[in-house]
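Mapping to my numbering: the sequence shown position 260 is 262, numbers consecutive.
A couple of the hints might just be wrong.
Claimed, not checked - When the alpha-carbon atoms are kept at most 30 angstroms apart in a straight line, the in silico DSS-like pairs for lysine-lysine are as follows:
(1) K445 <-> K228
(2) K380 <-> K299
(3) K153 <-> K41
(4) K228 <-> K347
(5) K228 <-> K153
Since the hints were made in silico from the structure, they are not lab data.
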Amino acid sequence: MQFLPNESMVDAMLEEMGLTSIDDLYADVPESVRIDGLKLPPGMPEQEVAAEVEGLLSDNVTTQDFLSFLGGGMYDHYVPATVPALAGRAEFYTSYTPYQPETSQGMLQAMFEYQSLVCAITGMDVSNISMYDGATALAEAALMAVRVTRKEKVVVPVAMDPEKRSVLGNYLYGAGIEVVDVDYHPDTGQLNRDLLVRAVDEDTAAVYIENPNYFGCLEETLADIKDDLGKTLLMVGTNPVALGILRPPADFGADIVVGDGQPLGNPLNYGGPTLGFFATRRSYTRQMPGRIIGLTKDAHGNRAFHMALQTREQHIRRSKATSNICTNENLNALAFAIHLATIGKGGLVRMAQASANRAHRLALAIDAIDGFKAPLFKSSFFNEFVVVTDHEVGELTAAMLMEDIFLGVPLTHDFPDLGEAFMLATTERHTGADLDDLAVALKAFNDGNGNWFAGGDL
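Using the sequences and the hints given, assemble the complete structure.
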């Protein structure tokens, strides 16, 4: 149906409402807040607009421009060319979940493969087709654990991303669910097992453990963790790349596995968008939030993919819905699947090994510099570790920026007990020369020989 707005139509609508003018329609809006025309510049040719936008964007500095050791949950991995080439095809290039299976078999099959890949690396029975991000996946996992157990307390580690902890708290506060924080061991950075055991009681729905944790430390006592939990559910958060060299969470009894899928197929994008992967046991399938793609046969006996479970408030009674998340991160999940399918099991192993090896080499180099200790914690770590220094982290970070280096994530605000501390992360993208450049820059700062000292204050 075509519709072209015109004055006669406007007059007819005003008359139907008993009004005589557009001003009458907005009479309840105070004059003081009305916009008297938009102060827009005159139009420009496309070429000039492109140049203007490029000029604005040139002020941005990315990991393509500076050497980056940022991490804390988002990692600068290499994305194979197959990912944008395939995910950017017209058949796929939409972030929206398909509603008509008869016209969306390609995307539905891709999401089915995504689910299969998530189950393969986590060892779990069933996966949904993604949540908003790792934080919302965790929050939804906690709500699911409460539904399954009918208990209303969740135990989480202190050594987790403060922003993720905030999202979890926001989700559970309104539901009246108690969250108990268990501290880490000051020497190892790992979860304090004794404190964990004391925190778990008959009212506890689930315990959440990260491996690796926020500090990059690996939890080395998970093999028998379920012995301490009894019927309490075990939720495990993990980095999908780390699963290239770590045992899958299912091996030590995980009931729900969540994480952020950004490290596979998704660039940093200034923190988003990304996706949260979510997997669980088969017996909990109907309590899992989000959507599941199933494989069936159509009326003619042909293989067909479809949305098998959609336990959300748009499709069933709100009181019976498992989540009010009404979509998934389709395009991001597709990129995740393409990346993992491209590199295969062997590629994921090599990706994880390279990331870990570079982190350990960098830690040794930094620990040899006066005024720095790396790693802070006496435990195994994956691709990220904590450094403490005699210097003020803010000044050090600013100094490294002058050397075209993103130093890492400062911990002084969120974990003040650590002192002047920050985290460094490495991926397979870092070369030996990159690691040496950071070590040289830190040594120069410690020795007072850097370029930043010539100009006075930072």
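Going down the list of hints, with the structure as the test:
1. K445 <-> K228: 45 angstroms, violated
2. K380 <-> K299: Cα-Cα ~55 angstroms, so violated.
3. K153 <-> K41: Answer violated: K153 to K41 is near 57 angstroms, above 30 angstroms.
4. K228 <-> K347: Roughly 28 angstroms separates the two Cα atoms, so the pair holds.
5. K228 <-> K153: Distance of about 18 angstroms is within 30 angstroms: holds.
Hint check: violations occur at hints 1, 2 and 3; the rest are consistent with the structure.
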